[in-house]
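Sequences are here, hints too, so could you generate the full structure?
Note that the sequence shown ends on residue 249 in the numbering used here; no numbers are left out.
The set of hints was computed from the structure by calculation and includes no laboratory data.
By construction, the Cβ of each residue, glycine as well, lies at the ideal position given by its N, Cα and C atoms.
You can take every hint at face value.
With a straight-line cut-off of 25 angstroms between C-alpha atoms, the simulated SDA-like cross-links for lysine to any residue are:
no., residue 1, residue 2
1, LYS249, ILE195
2, LYS227, ASP216
3, LYS249, ALA222
4, LYS244, ALA224
5, LYS249, ASP196
Label-pair distances were calculated between CB atoms; the ranges are:
no., residue 1, residue 2, range
6, LYS220, THR198, 16 to 22 angstroms
7, ALA215, LYS244, 35 to 41 angstroms
8, GLY239, GLU208, 30 to 36 angstroms
9, LYS227, SER194, 17 to 23 angstroms
10, GLN211, THR191, 27 to 33 angstroms
11, TYR245, MET219, 26 to 32 angstroms
12, GLY239, ILE199, 16 to 22 angstroms
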Amino acid sequence: MYQRLRLIASGHALFFLCAILCTATFAQQYTTQSSIDSTIQMAFFSFHEAQQVPGADFQMKRAIADAKDVVVRMKRAARGNINEKYILWK
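Here it is in structure tokens:
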């Protein structure tokens with residue numbers, strides 16, 4: 160009886176250890192859709208803001224460069240992510 164309880168307890172400990180490791184791995188690879196949306200929205204906002212200022216070519220070039228940088232960062236973040244299709248679609 161005691162050996163059965165030890166076996167069950169060790170099985171539960173192994174299960175919890177596996178769950179913790181899987182959760183840590185999952186948390187590193189998962190990017191939420193709201194964070195993706197807010198990142199894209201910030202790029203659009205800076206582009207729109209630069210467009211509203213007349214004769215500000217430097218601001219427009221900076222906004223375009225920032226938007227391209229966001230695209231590169233999002234493509235890098237998409238690799239191996241659960242929301243890969245959503246990131247690439249955005």
